[in-house]
Amino acid sequence: MHAIDSAAASTEQVWTWLGEVADPEIPVISVVDLGIVRAVEMEGDVCVVTITPTYSGCPAMQVIADAITDALRGHGISKVRLVNQLSPAWTTDWMSAAGKIKLKDYGIAPPAQQVIDISGLQKGGKPDGDIGVKRSALSKLPKLTVACPICGSDHTEITSQFGSTPCKALYKCLACREPFDYFKCH
Amino acid sequence: MDDKVNYLLRLGDNALILSQQLSQLCGKGPALEEDMALTNVALDLLGQTRMWFEYAAELEGAGRDEDQLAYHRDAHDFKNCLLLEQPNGNYADTMMRQFFFDSWHYFLIRELTASSDARIAAIADKSLKEVTYHLRRSGDLIVRLGDGTADSHAKTQTAANELWMYTGEMFAYDAVDNAMAAAGIAPASGVLRQLWLDHVAEVFAEATLTMPSPDAWMQKGGKQGTHTEHLGFILAEMQFLQRAYPGAEW
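Which chain is which? The protein sequence lines are W and G, in order.
Take the first sequence: its letters are residues 8 to 193, numbered as in this note's numbering.
Take the second sequence: its letters are residues 82 to 331, numbered as in this note's numbering.
Heads up, a few of these hints could be off.
Claimed, not checked - A few chain G positions that, by computed beta-carbon distances, are all more than 10 angstroms from chain W:
{"no.": "1", "residue": "N121"}
{"no.": "2", "residue": "H153"}
{"no.": "3", "residue": "G170"}
{"no.": "4", "residue": "A263"}
{"no.": "5", "residue": "P293"}
{"no.": "6", "residue": "K301"}
Claimed, not checked - Across the chosen pairs, the derived CB separations fall in these ranges:
{"no.": "7", "chain 1": "W", "residue 1": "Q20", "chain 2": "G", "residue 2": "A282", "range": "57 to 67 angstroms"}
{"no.": "8", "chain 1": "G", "residue 1": "D296", "chain 2": "W", "residue 2": "E164", "range": "28 to 38 angstroms"}
{"no.": "9", "chain 1": "G", "residue 1": "A286", "chain 2": "W", "residue 2": "R184", "range": "32 to 42 angstroms"}
{"no.": "10", "chain 1": "G", "residue 1": "A325", "chain 2": "W", "residue 2": "E164", "range": "45 to 55 angstroms"}
{"no.": "11", "chain 1": "G", "residue 1": "A143", "chain 2": "W", "residue 2": "P34", "range": "19 to 29 angstroms"}
{"no.": "12", "chain 1": "G", "residue 1": "A286", "chain 2": "W", "residue 2": "C158", "range": "36 to 46 angstroms"}
{"no.": "13", "chain 1": "G", "residue 1": "A317", "chain 2": "W", "residue 2": "T18", "range": "23 to 33 angstroms"}
{"no.": "14", "chain 1": "W", "residue 1": "A46", "chain 2": "G", "residue 2": "D146", "range": "21 to 31 angstroms"}
To be verified - Here are the simulated lysine to any residue pairs, SDA-like style, with alpha carbons at most 20 angstroms apart:
{"no.": "15", "chain 1": "W", "residue 1": "K179", "chain 2": "G", "residue 2": "D116"}
{"no.": "16", "chain 1": "W", "residue 1": "K179", "chain 2": "G", "residue 2": "A282"}
{"no.": "17", "chain 1": "G", "residue 1": "K109", "chain 2": "W", "residue 2": "K111"}
{"no.": "18", "chain 1": "G", "residue 1": "K109", "chain 2": "W", "residue 2": "S171"}
{"no.": "19", "chain 1": "W", "residue 1": "K179", "chain 2": "G", "residue 2": "K109"}
{"no.": "20", "chain 1": "W", "residue 1": "K179", "chain 2": "G", "residue 2": "L113"}
The set of hints was computed from the structure by calculation and includes no laboratory data.
Backbone N, C-alpha and C define an ideal beta-carbon position, used for all residues, glycine too.
Using the sequences and the accompanying hints, generate a full structural model.
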């Protein structure tokens, strides 16, 4: 089998291949489902993939970068360059609808809505003299309805804001009594 | 040393030293949920450290990488604020140190999203949601501890009183900070202090704690490399492997 010329691979083809690269910690969803891949471009025979970290300290990012490079090499693209893009920061809003369904089927409740509203926090666009922040604004969590991924009940409660990985919180279902992971909105 | 490199190392050292301190509590948290929270915060801070160091190393152009900056510098080359090297102590001490830092860090990172340096603004943009989460959590815990039992209230008030003298340094601008502010890279002097004081006052009121005087005498020196005796012990543990086996890799 001949390695295909990188230049011959279309970006659409590359996106399809990346859609088969699994997240190392949640192997049922791909890096594309997760919204980590921001852009794919061909610069001559070099395939440039722009990715963005989920959390600053997420130890899976290096594994993901290696997995992307390996996958594309496996498809014959020998020249791959990864660009790490920090801004705009990753958000769970970029997770695909299909990815959210796969998460739920895997037993992890998908992000329900935007929890951290940072619209009023960023510099710029704020009224003069009101650049402080009220604790009440910081602490104000919208009433979240997190459905149990196992029995579907909304009768659940949070047990810990932090879970087994930076992106998850711990919940328990008060209906079926099962504990479960919740993929936090970020 | 170039002012911007110096400033980036200060940002990185603050995050690194606090991350190391929190990591020491892994497996020792007062409850499983707290244990996970502490180590998750430590992980966020470590990730932020890498971004600051990576940029500092690039600008410095001296062939050092992020690992060398973390493991091959001695105490007098570290530029973290003295607050962050204070011992973990009891849980009120740990959380008060965290709250004082988070309150400052949050406002700083928020201002840095508008930095004239695009790379710094991007790192701040990436970090903002994380530090918002940190501040919300540490503020909640200060309220619970302060407005908790007589014992937790007393310990939390003591922690506030003892750590207070280390808080002034975060706002004390020196030539490096002023150069950064003049270039629009960092927020102007004085911007952060009032925001911080207002926020701390609000949380302390809710926590039934007495806020020490903003005009109290303050310690300083960390940013310039003059540290308390605690930093050496932190580095001794953090740097042990690279000191004993230079260049060791996974």
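Results of checking the hints against the structure:
Consistency note on G:N121: stated as away from chain W, yet its beta-carbon is not over 10 angstroms from all of that chain's, at 4 angstroms minimum. With a least CB separation of 21 angstroms from chain W, G:H153 remains clear of the 10 angstroms interface cut-off, as annotated. At roughly 22 angstroms from the closest C-beta of chain W, the C-beta of G:G170 stays outside 10 angstroms, upholding its exclusion from the interface. For G:A263, the shortest C-beta to C-beta distance to chain W comes to about 18 angstroms, beyond the 10 angstroms cut-off, and the non-interface label holds.
The beta carbon of G:P293 is kept farther than 10 angstroms from every beta carbon of chain W, the shortest such distance being approximately 19 angstroms. Distance check for G:K301 against chain W: the nearest CB is about 25 angstroms away, which clears 10 angstroms, and the non-interface claim stands. Distance hint for W:Q20 and G:A282: a CB-CB separation of about 58 angstroms, consistent with the stated range 57 to 67 angstroms. Taking 28 to 38 angstroms as the suggested C-beta distance range, the pair G:D296 and W:E164 does not conform, at roughly 45 angstroms.
Between G:A286 and W:R184 the beta carbon distance is about 40 angstroms. The supplied range of 32 to 42 angstroms therefore holds. Between G:A325 and W:E164 the beta carbons are some 47 angstroms apart, a value that agrees with the proposed interval 45 to 55 angstroms. In this structure the supplied range 19 to 29 angstroms is violated for G:A143 paired with W:P34, their Cβ-Cβ distance being about 41 angstroms. Distance hint for G:A286 and W:C158: a CB-CB separation of about 43 angstroms, consistent with the stated range 36 to 46 angstroms.
Distance hint check for G:A317 and W:T18: the Cβ-Cβ separation is about 51 angstroms, which falls outside the suggested range of 23 to 33 angstroms. Checked against the given bound of 21 to 31 angstroms, the beta carbons of W:A46 and G:D146, roughly 27 angstroms apart, stay inside it. A C-alpha spacing of about 18 angstroms is found between W:K179 and G:D116, which places the hinted pair at or below 20 angstroms, so the restraint holds. Of the supplied pair hints, the one linking W:K179 and G:A282 is violated, its CA atoms being roughly 35 angstroms apart against a limit of 20 angstroms.
Between G:K109 and W:K111, the direct Cα distance comes to roughly 32 angstroms. Violation of the 20 angstroms bound is thereby established for this hinted pair. Between the alpha carbons of G:K109 and W:S171 the distance comes to roughly 16 angstroms, so the proposed pair stays at or under 20 angstroms and holds. Taking the CA atoms of W:K179 and G:K109, the gap is about 24 angstroms. The hint is violated against a cut of 20 angstroms. Taking the CA atoms of W:K179 and G:L113, the gap is near 15 angstroms; set against the 20 angstroms cutoff, the hint holds.
Checked against the numbered hints given earlier, the structure breaks hints 1, 8, 11, 13, 16, 17, 19 and satisfies all the rest.
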